[in-house]
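**Q** Those protein sequence lines, which keep their order, are chains S and A.
Per the working numbering, the first sequence starts with residue 1, numbered consecutively.
Per the working numbering, the second sequence starts with residue 1, numbered consecutively.
Think of the hints as simulated: they come from the structure by calculation, not from any bench.
Note that the structure is predicted; figures quoted are calculated from it, not measured.
We put the CB at the ideal spot given by N, CA and C, even for glycine.
There's no promise every hint is true.
Using 25 Å as the maximum straight-line C-alpha spacing, the simulated BS3-like pairs for lysine-lysine come out as follows [said to hold, decoys possible]:
(1) S:K58 <-> S:K217
(2) A:K95 <-> S:K58
(3) S:K132 <-> A:K95
(4) S:K71 <-> A:K87
(5) S:K73 <-> A:K98
(6) A:K95 <-> S:K73
(7) S:K129 <-> A:K98
(8) S:K73 <-> A:K87
(9) S:K32 <-> S:K58
(10) S:K56 <-> A:K98
(11) S:K73 <-> S:K217
(12) A:K166 <-> S:K115
(13) S:K217 <-> S:K206
(14) A:K87 <-> S:K56
(15) A:K98 <-> A:K87
(16) A:K95 <-> S:K56
(17) A:K95 <-> S:K71
Chain A is faced by these chain S residues, among others (derived, beta-carbon under 8 Å) [what the hints assert, rightly or not]:
(18) G81
(19) H84
(20) P86
(21) F92
(22) E99
(23) G104
(24) P107
(25) P112
(26) R151
(27) Y207
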Amino acid sequence: MVDHLLQVRNVDIFYGDAQAVWNVSFHVDERKIIALLGANGAGKSTLLNTISGFLKPKHGEILFSGKSIVKLKPEQVVSLGISHVPEGRRLFSRLTVLENLELGAYPSNTRPYLKESLDRAFNLFPILKERKNQSAGTLSGGEQQMVAIARALMARPVLLMLDEPSLGLAPLFVSLLFETIQAMNEEGVTILLVEQNVHQSLEIAKYAYVLQTGTLKMEGWGEELINNSDFQQAFLGMRG
Amino acid sequence: MAGFSSFSLFLQVFINGIFLGCMYGVAALGLSLIFGSMQIIFLAQGAVMILAAYCIYWIVTLTSIDPFFGFLLIIPVFLGFGWVIYKGLFQRVAKAGKNPSLLLAFGLMVLFEHLMSLIWTPNTRSVATNYSTSAFGLWDINISVTRFIVSIVALITTGIVFLFLKRTMVGKAVRGVSEDMQAAALLGISPNWISSVTFAIGIALAGIAGVATCITYAFDPYFGFLFSLKALIAVAFGGLGSVAGALLGGITLGVLESLSSYIISAGWADAVAYAAFLLILVFRPEGLIGRRSAQRA
Numbered sequence: 001m002v003d004h005l006l007q008v009r010n011v012d013i014f015y016g017d018a019q020a021v022w023n024v025s026f027h028v029d030e031r032k033i034i035a036l037l038g039a040n041g042a043g044k045s046t047l048l049n050t051i052s053g054f055l056k057p058k059h060g061e062i063l064f065s066g067k068s069i070v071k072l073k074p075e076q077v078v079s080l081g082i083s084h085v086p087e088g089r090r091l092f093s094r095l096t097v098l099e100n101l102e103l104g105a106y107p108s109n110t111r112p113y114l115k116e117s118l119d120r121a122f123n124l125f126p127i128l129k130e131r132k133n134q135s136a137g138t139l140s141g142g143e144q145q146m147v148a149i150a151r152a153l154m155a156r157p158v159l160l161m162l163d164e165p166s167l168g169l170a171p172l173f174v175s176l177l178f179e180t181i182q183a184m185n186e187e188g189v190t191i192l193l194v195e196q197n198v199h200q201s202l203e204i205a206k207y208a209y210v211l212q213t214g215t216l217k218m219e220g221w222g223e224e225l226i227n228n229s230d231f232q233q234a235f236l237g238m239r240g
Numbered sequence: 001m002a003g004f005s006s007f008s009l010f011l012q013v014f015i016n017g018i019f020l021g022c023m024y025g026v027a028a029l030g031l032s033l034i035f036g037s038m039q040i041i042f043l044a045q046g047a048v049m050i051l052a053a054y055c056i057y058w059i060v061t062l063t064s065i066d067p068f069f070g071f072l073l074i075i076p077v078f079l080g081f082g083w084v085i086y087k088g089l090f091q092r093v094a095k096a097g098k099n100p101s102l103l104l105a106f107g108l109m110v111l112f113e114h115l116m117s118l119i120w121t122p123n124t125r126s127v128a129t130n131y132s133t134s135a136f137g138l139w140d141i142n143i144s145v146t147r148f149i150v151s152i153v154a155l156i157t158t159g160i161v162f163l164f165l166k167r168t169m170v171g172k173a174v175r176g177v178s179e180d181m182q183a184a185a186l187l188g189i190s191p192n193w194i195s196s197v198t199f200a201i202g203i204a205l206a207g208i209a210g211v212a213t214c215i216t217y218a219f220d221p222y223f224g225f226l227f228s229l230k231a232l233i234a235v236a237f238g239g240l241g242s243v244a245g246a247l248l249g250g251i252t253l254g255v256l257e258s259l260s261s262y263i264i265s266a267g268w269a270d271a272v273a274y275a276a277f278l279l280i281l282v283f284r285p286e287g288l289i290g291r292r293s294a295q296r297a
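Chain A extracted, bound-state conformation (with noise of 0.2 Å):
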């Protein structure tokens, strides 16, 4: 077992552990926003923002455009593809009940992972600019520049879905619709108008995550699955239902991976994220900085 030898390396390391948990974040928010409306784990999460990066990676290959265009252009784009398949599909079954919206999830997981395996071949791809590995320094730390943007456009992200949800009537909406559908109904709220809402600003965040992946990270149409995973972690790290809660989560994630796998060996990153998964279902459901008071009775 190494130790870290001064302090900066520690610093380094949870620093990069930061990053990655801010790309968790946003990916968690997506998953918790759409479990809100649907009351399921929405299974092809990761897929959606492996797709993302594959749209990005082909759009850089062929126009040579600055990869950060890409959220620009995702957002709007995802935000359709949400309401198009909520519309489409999820609408019509959800009436069914819970089971069928989970398969179908899973379906959509399993259709994406090989239609991107069809057409991108099952190579690791990833998207490089001239300023990939530019870095600058901070006392004693490097960090990266993509990392870094990429970081402050997860926070910025989140502070636009955290001030939807509170400030604004279709935002209210959305949190009382998650709550109680029946009786937002009673209130002139059509819970399909906002569940549609909800599932594209679902999607529409799984896209930015996917985007934010393929500017940091080497990709494969397989990789989502396990975001899609670890996005359930950090929803489980801050409790359902919660904005700051599945940023925070998907940060503590981050940095508990990063930690370990610097501390004890990469290959053991994913095992104590899991065991910390456990720990946290057994001793603390409600999460970390969730509220008890707040659970659902």
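If we strip away everything but chain S, and leave its shape as in the complex, we get (with noise of 0.2 Å):
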């Protein structure tokens, strides 16, 4: 059997009683940008509150380079090289950037590399060194969402998932934030990749996940989707 980066498999998820997410499987491998679609209450974010230890599934397994990671506090998650940007962000606004950026490096793994992490964010983000002193909550949303992912990449982070990143913001920066999601990968940072925005998602994911209503109604590369009659008329055609 082939190894996943991370392999979920048939999870149920339940906030309380609700269930929130029925018998879901798939997995991620290295390197690789996967998209998980799906509307609003789809169990995108839950999926990935799960991942990251905020959730316990009740059934089911999640195993990251192999090892199960269900049992871990989110603050152990990270260690382990996931890194989660949230939806809406979640920037500490009364800090300042660079100690948003600094506390990214915050789990002792990373801390040596400090210097270095901030170098490639600054690098990847230019705009971010010129605000740097700045308090994250003075930022424009595109700025903000800059922030989110370089301060989720100061961990060095072998997997990073993205909720949303693309929410709320002006269409140039979604196209830009998608370049930069590109380029982050083909420095080697794989992709867990969660949006409602479809087109341009499947231009840059290799391969996509759906969800509907807590459970998985297909997959497959991104070319095989966007043809898929199901998939445009279950997806496409609502967001028409």
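Dock chain to chain to rebuild the complex, using the hints, since each chain is given by itself in its own frame.
**A** Written out as structure tokens, the structure reads:
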């Protein structure tokens, strides 16, 4: 059997008594960009929060590099090399941009590389260097998204999970964002991308899984999905 | 109503207010830090202060060492004490929400007050040294040596906490956790570890304020609640989450009380302080020096 970087196997996830995810399985291979698509409430964020350790699956298994991570706390999951940029960015708005980035390198195994990681972040997002002493709350939405991604990169992740990074951004920023995601991937970071922005996601993602109300509806290569009539109807039609 | 017979008298009252305010400031800083990590008002802050005051009273009476050594002793002991209270009590109830934590703080306050009353009797105590009444003159003003040193300690303490929060990784994490605990966890910061650090520092600050109190004031086991209230007012003056704000809020409160007790009468000092508290809550809830933009959405 091929060892996948991340493997989610038959997970059932509940909020209290309410089941949010039914028997979902998918996997992410190293150095790929994989998209998790679906409408609001499909269970995409729930899955990311479970991988991150905020939620525990009732049944099923989550393996990272072959080892189970379901029992770990969120702060332990980060140290393994999984960084999660949550929906809504969740920056520390009263801290400066630089302080936000520094906290990204908090885990003890990444702290020695703080300076190196900062250079990398400023290379990727030069504007942040100019803004570094501003408090994060004063930035525009696009710039805040850059800080959120740069902050997650500070932990030198193997797998970067992005939850709706394009939400609420101006179209110009969205294109820039997707270019950046591709650039990070070319540097060797594996990406798990959760999006409602189907077209642009499928342009960069190698493979996509489609969720609908908590279950996995279909999966496939980008081209395949776009030309699939079920997919068009369920998804693209709905967006019409 | 008495006016000021001279400018130097005004200065004297003003300076006394600053000295009083420095103590409020340190207590307020502790309250503000604990609020940042647990989102509750730690009602027992004043009782912890008085507990420190009694510890020093006890040690000074038994060993006749100088009470200023108390600062060196209280800081490590109360850091540990705070750590234990957090790990043993608050971490367990924090999962159930804020109300249990608030009740727990209230319970601790009552427990400490009655323990102190049992151990040391409810009688008023004070720590006297052979220089308690010494003062030095500066222009026309008399400056009490003990109050002067206590205020310097307060300023240094505030400075250290400020540098800790601004310059160290753990300090930055404390600020991060106070803003968004989940986001902090996603970066590999353990909210429980940071909260115990924060709580320990908050309790140590209460201890420092307590040592300062016992050197400069007479106290009894129930004196602390008043200090919790005053610290809360100081936090409201300065704006939550600001180190400099807590100290300046404390000093503002001290000066306000000192001036009003001199201009009107001592009985009015608290009334004026609470009235100012209400006015600030209504008209400037972000604090006198807080920035509107820094407010949480």
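**Q** None of the hints should be skipped; say for each whether it holds.
**A** Now the hints, each set against the structure:
| no. | hint | result |
| --- | --- | --- |
| 1 | S:K58 <-> S:K217 | 21 Å, holds |
| 2 | A:K95 <-> S:K58 | 20 Å, holds |
| 3 | S:K132 <-> A:K95 | 35 Å, violated |
| 4 | S:K71 <-> A:K87 | 21 Å, holds |
| 5 | S:K73 <-> A:K98 | 22 Å, holds |
| 6 | A:K95 <-> S:K73 | 15 Å, holds |
| 7 | S:K129 <-> A:K98 | 39 Å, violated |
| 8 | S:K73 <-> A:K87 | 18 Å, holds |
| 9 | S:K32 <-> S:K58 | 28 Å, violated |
| 10 | S:K56 <-> A:K98 | 23 Å, holds |
| 11 | S:K73 <-> S:K217 | 29 Å, violated |
| 12 | A:K166 <-> S:K115 | 18 Å, holds |
| 13 | S:K217 <-> S:K206 | 18 Å, holds |
| 14 | A:K87 <-> S:K56 | 24 Å, holds |
| 15 | A:K98 <-> A:K87 | 16 Å, holds |
| 16 | A:K95 <-> S:K56 | 16 Å, holds |
| 17 | A:K95 <-> S:K71 | 18 Å, holds |
| 18 | G81 | 11 Å, violated |
| 19 | H84 | 5 Å, holds |
| 20 | P86 | 6 Å, holds |
| 21 | F92 | 5 Å, holds |
| 22 | E99 | 5 Å, holds |
| 23 | G104 | 6 Å, holds |
| 24 | P107 | 4 Å, holds |
| 25 | P112 | 12 Å, violated |
| 26 | R151 | 7 Å, holds |
| 27 | Y207 | 25 Å, violated |
Consistency note: the structure conflicts with the earlier hints numbered 3, 7, 9, 11, 18, 25 and 27.
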